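Undergrad: Residue numbers (the numbering used here), protein chains in the order written: chain A, 1 to 377; chain B, 1 to 374; chain C, 1 to 116.
Note that these hints are calculated values from the structure, not bench results. You may find that some hints are simply not true.
To be verified - Taking lysine to aspartate or glutamate pairs in the EDC-like style, the calculated list, with each CA pair at most 16 Å apart, reads:
id, chain 1, residue 1, chain 2, residue 2
1, A, K292, C, D95
2, A, K63, B, D69
3, C, K18, B, D69
4, A, K292, C, E66
In this text the structure is predicted, and so the values were computed from the model without any measurement.
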Amino acid sequence: MGITIPVPVAEASQGSSTTLQTIDADLHHHIANWQEVAPYAPEGLRQRLARPGGPPLARHGFKMIGPRFGDAPRPSDANGKLGHPAADPAWVKAEYIDKRGVDIAILTGPVLSLGVQPNYDMAATIATAINNWTLATWVRPFSCFKGSILVAHQDPAQAVAEIDRLGDDPGMVQVLMGSASEAPLGRRQFHPIYAACVRHDLPLALHIGGEGAGMSPPATAVGHPTTYFEWYGSLPQVYMAHIMSMVTEGVFEKFPTLKVILYEGGLFWLPHIMWRFDKNWKAQRSETPWVKERPSSYILRHFYHTTYPLEVSHSDELAEILDIVEGQRTLLFSGNYPNWELGDPFEMITGLPAGLRSRVLGENAMALYGERLFGSH
Amino acid sequence: MTLTIEREVAFVDRVSMLQLVDTDIHNDLPSLEELRPFLAKKWHPWLESGGPGSAARYYANMGSGRMDDAVNEDDGLAAGSPDWVIQQLMTKYRIDIGILTGSVIGLSIQHDYRIQAALASAYNDWTLAKWVRPYECFKGSIICPGQDPNTSAREVRRLGQNPGMVQVLMASAARIPYGNNIYWPIYRAAVDHDLPVAIHVGSEGTGIANPPTSVGYPSTYLEFHTDHSQTMMAHCISLISDGVFEEFPTLKFAFIEGGTVWAPYVMGRLDRLYSALKAEVPYLTMRPSEYLLRNCYFSTQPIEEPHNHPHLLQMLRMMHAEKTVVFASDYPHWDFDNPLMAFNFFPADLKRRIFVENAIEMYGARLLESNRRA
Amino acid sequence: MSRHVVARWEDIPAGGRKIVRVAGRELGLFNIEGTFYALKNVCPHQGSRVCLGRIVGTALPSNVYEYTYGREGQILRCPWHEWEYDITTGESLFDPNVKIVSYPVEIVGDELVVTI
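The following block holds chain A by itself, in its conformation from the complex:
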């Protein structure tokens, strides 16, 4: 690319006596070669990950058509062939983290459909391998990267074992699950996973992207979308269903310290959901008598949202919605590196009210993830 685009660098907040921390909650580090990941799997299924092309992973058919990665910086080889922007941690550190003024980035990886893979043991092994490989090759060598404990939730026992295995590792700051699921995540079979999260004081992150793959129902409640455009536009509905489920099944009564991050879902649907849910709960309270507060109270207290992508709007509309959903506390900056087709992540937040900027860029994440975010690993 021959054009130099001025890049916004995170600026210090006004009046702050400490260094502004820019925390990127969502960085999709890439598996260039499963042969490099396979050695990190337990021996029993290691060779299954090492097969050419990697382990069998059920995929949906939704694929973005058009140039990938937007203006994400891409390495090129001696022949000028462009490489993947997120395959090499050193590249990501130099070309994104350092150049854009990010202090810490939380790695979320490339596999978003693990919870709907039909073979429970393969899914759990893939999670373990990715977690070990991430720690060894991305997290330990670089202080700027923190990891997520990826788990496959269709077998809660194995998910719990993985969380307990790595839950006290200073390199890990959250538990990560694909939101694609055979069942809404409030269901009681998943509660041991939440118990494990709070046992290790870890928030839970959900990430869309696996919907329609493997065992999951069609990606919308009315059937299969036609295009990636339609599919990706509809995915926040997954979060809505999970929110409904987790609140009504008493997850936040049982686990009052559990926090849940919803990645890439936007925000503008939250007012409707909060208000519809409250209205219905006042009428149907006796169906779930353990839900003791308005559902919107649980939603505001327990759920967090990320900035990539934010809905397009006028900036005063965005300010109004942020006021309704307490975005000054619940909104986290996410770079979504390297999937920048929808634009530069810092440009995407230029419409934020000025007073919120430092909170969204770092303070909210620091409050959520706590000291583990800065501890040596």
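Once you have looked at the hints, place chains B and C on chain A.
TA: Just chains B and C, lined up with the frame of chain A:
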């Protein structure tokens, strides 16, 4: 309030006399037997057996599911007769015109599309005979077996010129999103007759429809009912994305009983995706939000109730409610909104648009045409 | 404030109710195990004639996945949106600040007297 049709009154004057148009009244079918005169003989064995099997959903309301104080002791129903509805709803709440949405929308997700198509036609004729022709205050919907789009299109064409019918109506529960081109014969028939198409919640997760959410089955009615709006959102996105509003620019599409202020999410997210993802949808010539604002209508009920009233008005402003939102009572269901109270904090001009004028724009002059030749 | 005779207490057996009109408003009178209560017949939500709703018990607040049925005959469900109200206080079960207006009731001889 009755309109004196004989007088020659200018249309706009007649509109100005209206106080309230209700876009969602669920008139009851007291017995399947009432359809017998309208049903061809070959389907009568189904009537002898008490009607076809009907897939039922698990979820049940904590109460009765309807307004308990509106039940007519004579028939045990809250909307069993036109006169009862006029007394209990139209007069009490000063509603001039009510759009009937009936109680059989779920036929479009039952598995035997042939008997369901026959029942839909019979039901439509019954609606005209019992509810519409004798009353100027009611208008009917052409209920369609959405699972059979070609038959639905034929039904729309059969009744499309009837002044007593003002829209096409299907369940929002579906096997395939409504933007898909298998449904386009319905839309072609609708625009040929200048009829809006409306979809209505309730039958999710039943029969041939998909699970009520994209992550499976909720456990409770509380979730189930709150999840309804997701089917609306999904259809809205599908219609825009698959180019229905590009192919049928005059098609008006209404989302009934799915709540209202989710539209800003559809507008904002699709607009964010559009600039990057045009390759997949090259046939779109406008931004997605522009299609939504031009072609889509959203009924109020159940109106969202934030503690802070200005918050609701802000969301309505984002979706240009002065153009896109129409009043619905949902009589006699439990989540009925009282039009005399629930909108009192709305600015007067917005309220007028929602109560009357947007419905006039959506349904057209047919709304005020006499039903005597329906 | 004024006191009004609204009914004979014998007219309302235990578990029963009576709708009366007094001082320009409608009240619902309830007899719960011999104690009488008077609620204004207007739901604070959207104005229904709330006292016509079902008199029921309900699932009491509980631990997750536990169901404890109780307060049979003490809960009034609004006939519209089904909000549950404690007849003895007029307070909704989901928020005590949301309540039906209630009035003190006394038994004087064979009459019920409400102070409005």
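Undergrad: Hint by hint, say whether it matches the structure.
TA: Verification of the supplied hints:
no., hint, verdict
1, K292/A - D95/C, "holds (10 Å)"
2, K63/A - D69/B, "violated (53 Å)"
3, K18/C - D69/B, "holds (15 Å)"
4, K292/A - E66/C, "holds (13 Å)"
In the structure shown, a violation is registered for the earlier hint numbered 2 alone.
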